[in-house]
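If you read the protein sequences in the order shown, they are chains R and X. Under our numbering, the first residue of the first sequence carries the number 1, and numbering increases by one thereafter. Under our numbering, the first residue of the second sequence carries the number 338, and numbering increases by one thereafter.
Since the hints were made in silico from the structure, they are not lab data. Take the hints with a grain of salt, since some may be wrong.
Unchecked claim - Here are a few chain X residues that sit away from chain R, every Cβ distance over 12 Å (derived from the structure):
hint	residue
1	Ala-409
2	Glu-473
3	Leu-603
4	Ser-605
Unchecked claim - Only part of the chain X face toward chain R is listed, based on derived beta-carbon distances under 7 Å:
hint	residue
5	Ser-397
6	Tyr-438
7	Pro-472
8	Leu-474
9	Ser-475
10	Ala-477
11	Glu-478
12	Glu-482
13	Ser-505
14	Gly-541
15	Leu-545
16	Gly-622
17	Pro-624
18	Arg-626
Beta carbons are placed, not taken as given, at the ideal position from N, Cα and C, and that holds for glycine.
What follows is each chain in one-letter form.
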Amino acid sequence: MSTPPALLEVQGLTIEYLTDAAAVRAVDAVSFSVNAGEFVGIVGESGCGKSTMLFGIAQLLSPPGEVTAGSVTFRGRDMVRLSAGELRHMRWRDFSVVMQSAMNALNPMKSIGAQFRDALLAHERMPADRVKERSAEVLTLVGIDPVHLHSYPHQLSGGMRQRAMIAMALLFTPQLVVMDEPTSALDVVAQRSLMLKIRELQERLGFAVIFVTHDMHVVNRYSDRVLVMYAGQVVETAPTEQLFGQPRHPYSRGLIEAFPSVTGPRRELVGIPGSPPDLAEPIKGCRFRERCPVAFAACAEIEPALIDVEGAQVRCLLYSDAGVVGERERSGAPSDG
Amino acid sequence: MAEQHHSAADPAAGQPLLRAESLTRHFRVGGTFSSETLHAVDAVDLTVNEREIVALVGESGSGKSTIARLLAGIHKPTAGEIYYRGRPLRGLRSRKDMLWYRGEVGMVFQDPFSAFNPVHRISHGIMRNLKLHRPELSAAERRAEAERVSDRVGLSPRLLSRFPHEMSGGERQRIGFAQALALRPKLILADEPVSMLDVSIRAGILNLMVKLRETEDVSLLYITHDLASARYVADRILVMYAGKIAESGPTESVLADPQHPYTRLLLSAVADPLDADPEFAADTGEPPRVINPGEGCRFRWRCPFAIDACHTVTPQPRRIGDSDVACHVAGEPATHAAGAAGSL
Chain R
1 MSTPPALLEV
11 QGLTIEYLTD
21 AAAVRAVDAV
31 SFSVNAGEFV
41 GIVGESGCGK
51 STMLFGIAQL
61 LSPPGEVTAG
71 SVTFRGRDMV
81 RLSAGELRHM
91 RWRDFSVVMQ
101 SAMNALNPMK
111 SIGAQFRDAL
121 LAHERMPADR
131 VKERSAEVLT
141 LVGIDPVHLH
151 SYPHQLSGGM
161 RQRAMIAMAL
171 LFTPQLVVMD
181 EPTSALDVVA
191 QRSLMLKIRE
201 LQERLGFAVI
211 FVTHDMHVVN
221 RYSDRVLVMY
231 AGQVVETAPT
241 EQLFGQPRHP
251 YSRGLIEAFP
261 SVTGPRRELV
271 GIPGSPPDLA
281 EPIKGCRFRE
291 RCPVAFAACA
301 EIEPALIDVE
311 GAQVRCLLYS
321 DAGVVGERER
331 SGAPSDG
Chain X
338 MAEQHHSAAD
348 PAAGQPLLRA
358 ESLTRHFRVG
368 GTFSSETLHA
378 VDAVDLTVNE
388 REIVALVGES
398 GSGKSTIARL
408 LAGIHKPTAG
418 EIYYRGRPLR
428 GLRSRKDMLW
438 YRGEVGMVFQ
448 DPFSAFNPVH
458 RISHGIMRNL
468 KLHRPELSAA
478 ERRAEAERVS
488 DRVGLSPRLL
498 SRFPHEMSGG
508 ERQRIGFAQA
518 LALRPKLILA
528 DEPVSMLDVS
538 IRAGILNLMV
548 KLRETEDVSL
558 LYITHDLASA
568 RYVADRILVM
578 YAGKIAESGP
588 TESVLADPQH
598 PYTRLLLSAV
608 ADPLDADPEF
618 AADTGEPPRV
628 INPGEGCRFR
638 WRCPFAIDAC
648 HTVTPQPRRI
658 GDSDVACHVA
668 GEPATHAAGA
678 AGSL
C-alpha cells in the first residue's frame with residue numbers, strides 16, 4: 001500500500017469490565033483508523049460502548065475496565081503497551097482529551113491562567129512570559145478575551161468554560177483531540193458556535209478529531225466520517241454524506257429517523273423501540289435483531305460480520321448472501337415501510 | 338388540529354383552560370444587603386386552551402421552568418395572576434382547593450431517574466395519588482385505575498409491581514405520565530420530559546403526548562429547549578428569552594416565518610449550516626442578562642438589528658401576520674432586506 005499510515009489505527013480493540021460474576025465485553029473487536037486532520041464522529045445510544053472505547057483509546061480506563069485484546073497505534077506506537085510515564089509525556093502534547101462534563105473539569109480553586117500554566121509546565125520548561133503569551137493565544141483562538149486568564153471557572157458561563165477546556169486541549173497543538181460529548185450540556189446557539197469554532201481551528205491547525213455524541217444532527221453537520229456503534233460493535237461506518245443519504249444498517253436508519261425535523265416535511269417518528277441487549281449474557285446471531293424492523297430467520301442464527309458495501313462497511317445480513325434469502329422471506333410478508 | 342370541543346354544559350366554555358396575566362416572578366440574589374434581583378419571569382401573558390398542546394421554548398435561563406413551577410403552584414408569583422377555568426389561583430387557599438387544582442393540573446418532570454423513590458414499587462406513587470385525590474375509590478378500584486393509566490401510557494400493568502431501578506428511562510417517563518393521568522387532569526405540565534432520554538425512545542414519549550390529547554382529552558404545556566420536538570407535538574409555540582415571551586403564534590407560522598430576531602437565531606442554530614442566517618453567525622450563545630435588567634429589550638445585546646429605542650423602551654407584543662412579536666424592528670422591511678443581503 002502506498003497510502004501514508006493513518007494517524008491513529010485501532011485494531012481489534014476489545015475492552016472488558018471484569019466483574020466477579022462475568023466479564024462484560026463493552027467494546028468488541030473494534031477496528032478503524034483516523035487520518036491526519038480528519039473529523040470522525042462516533043454515534044450510538046447510551047450504553048453502546050462509545051465512551052468506553054474513547055477511554056480505551058486515550059488509555060484512561062480504570063478498573064474493572066481493561067483492554068483485553070487489540071491495539072491502538074498512534075503515530076506508530078501502540079498506546080496499550082506504553083508505560084504510565086510515556087503516556088503522561090504524550091498527553092496534552094500529542095493528543096488531548098475533552099470530557100463530557102468538561103465544563104466541570106476545571107479546578108474551581110484556580111484561575112484559568114493558573115490551570116493553563118500547570119499543564120504547560122508539566123511538559124516543558126518555559127519562561128513565565130512565554131507561558132502567559134501562549135495561554136492568551138489559545139484563549140483568543142477559542143474566542144475568549146485573554147482577561148479571563150484571571151477569572152475563576154465560576155465567573156464564566158457554561159459555554160465559556162467549555163471553550164476554555166478546548167483551549168487547554170490546544171496548548172501544545174496536538175495532532176489528535178478526542179472529545180466525549182463536549183457540547184451536550186450547552187444550548188443550541190452556544191453549541192453551534194462551539195462546533196463552528198472547533199471546525200475552524202481544526203482546518204487552521206490541522207489536528208484530527210474523534211468526536212463521540214448521541215446527536216445525529218451534530219454528526220451530520222460537522223464530521224467527515226461516521227462510525228455507528230451498537231452493543232459494543234461498529235455496525236456501520238461511511239463518509240458522513242453517504243451515511244445520511246443512504247443509511248444501510250437498520251440501526252443507523254432508526255437513529256436518523258428518531259429525530260424530528262425543524263424545517264423538512266412533518267412525518268411520524270418511530271424511534272427504535274426496546275433497549276440494547278445485556279452484554280453480560282451470551283448473544284447468538286445479530287445483536288440488533290430484537291429491535292430490528294427488517295429482521296429475518298437467519299438473523300437469530302448467524303452473527304453478521306462487518307462487510308464492505310459500496311464504500312461503506314455494514315454489519316448486517318441483508319448485505320450478505322443470507323440477505324438474499326431474507327429478502328425472499330420478507331417479500332411474502334406485508335411491507336412495513 | 339387545534340379545534341376545540343366545548344360542551345354547552347360547561348360553565349367555563351369559551352374561555353381558555355388556563356390563562357396567565359402579566360405573570361412575574363423575581364428572585365432576590367446575593368447577600369442580605371444585596372439589591373440584585375433576578376427577573377426570572379417578567380410580565381408574561383399566556384393561555385392554554387382545552388385539548389391544546391402549547392410548547393414553551395427557550396434556552397437555559399430563559400425562565401421556562403420557573404413558569405412551569407408558577408403554574409403548578411410551587412412558586413408564588415411576585416406579580417400577575419394565573420386563572421384556571423376563570424378562577425384566580427390566588428383565591429385557592431384551602432387544602433381542598435389546592436388538592437382540586439393539583440388534580441386538574443398534573444406535572445411530569447425532566448429527570449425520570451430521580452423522580453421516583455427507589456424503595457417503593459412503581460405503583461406506589463400512583464396509588465398514593467389516588468388515595469389522596471380520589472378517596473371515594475375502593476382498593477380494588479384504585480388497582481383497576483392504576484392498570485388503566487399504565488395501559489394508556491403503553492406499559493403493561495405487570496410493570497406496576499416493579500421497582501424504579503428495574504425500568505428503563507423511557508418506561509419511567511411513561512410512569513411519570515401515568516402518575517399524572519391517574520388524577521384525570523385537564524392539563525399536564527411537561528418540563529423537558531424527553532431531554533434526558535436516549536434519542537431512540539424520545540419519539541415514543543413525543544407520540545404518547547400527542548396520543549394522550551386524543552384519548553384523555555388533556556391539554557399539554559410542553560416545556561423544551563428543542564424547537565424540532567416542539568414542532569412535532571405543538572399547535573402553538575411560545576418562544577421565551579430572558580424571562581419574556583419574544584414571539585408566539587401557530588407552530589408552522591412561527592417556524593416558517595420567524596419574526597423576532599431571537600427566533601431567527603434559534604432556528605438558524607438548528608437548521609442546515611449552509612443556509613444559516615449570516616446575520617447571526619458570530620453569536621456565541623452567551624446567557625441573557627436577567628439581574629436588574631431595567632428597561633429596554635433584553636435581546637438587544639445580541640441583536641444585530643437593535644436600534645436606539647431597543648435600549649430604552651421594553652417592546653410590547655404586536656401582531657405581525659399570525660404571530661405576536663415583542664420587537665421594535667420586526668416586520669419592518671429593512672430587517673428582512675438586511676437579513677437577506679447578509680449585511681447591515
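> Should the interface hint for Gly-541 of chain X be scored as holding, given a Cβ-Cβ cut-off of 7 Å against chain R?
Replying inline: holds (5 Å)
> Would the stated hint for Leu-474 of chain X survive a check requiring a Cβ distance to chain R of less than 7 Å?
Replying inline: violated (33 Å)
>> Would the hint on Gly-622 of chain X be counted as holding, given a Cβ-Cβ threshold of 7 Å to chain R?
In response: Because about 3 Å separates Gly-622 of chain X from the closest Cβ in chain R, which is inside the 7 Å limit, the hint holds.
>> Is the claim that Ala-409 of chain X lies outside the interface with chain R correct, judged by CB distances over 12 Å?
In response: Per Cβ check, Ala-409 of chain X is outside 12 Å of chain R; nearest 24 Å; holds.
> Holds or violated: is the Cβ of Ser-475 of chain X closer than 7 Å to a Cβ in chain R?
Replying inline: violated (35 Å)
>> Does the closest beta carbon of chain R sit nearer than 7 Å to the beta carbon of Pro-624 of chain X?
In response: holds (5 Å)
>> Please check whether Pro-472 of chain X passes as an interface residue: C-beta within 7 Å of a C-beta belonging to chain R.
In response: Violated, about 37 Å.
> Taking 12 Å as the cut and beta carbons as the points, is Glu-473 of chain X off the interface with chain R?
Replying inline: Correct as stated: the minimum Cβ-Cβ distance to chain R is 37 Å, above 12 Å.
> Would the hint on Ser-397 of chain X stand, with a C-beta cut-off of 7 Å toward chain R?
Replying inline: Hint holds; Ser-397 of chain X Cβ to chain R Cβ min 6 Å, cut 7 Å.
>> Does Ser-505 of chain X hold up as a contact with chain R if the rule is Cβ-Cβ below 7 Å?
In response: At 5 Å from the nearest chain R Cβ, Ser-505 of chain X passes the 7 Å test, so the hint holds.
>> Holds or violated: the hint that Tyr-438 of chain X contacts chain R, with Cβ atoms closer than 7 Å.
In response: violated (32 Å)
> With a cut-off of 7 Å, does the beta carbon of Glu-478 of chain X approach a beta carbon of chain R closely enough for the hint to hold?
Replying inline: Violated. Min distance 32 Å.
Of the numbered hints given earlier, the model fails hints 3, 4, 6, 7, 8, 9, 10, 11, 12, 15, 18; all others are met.
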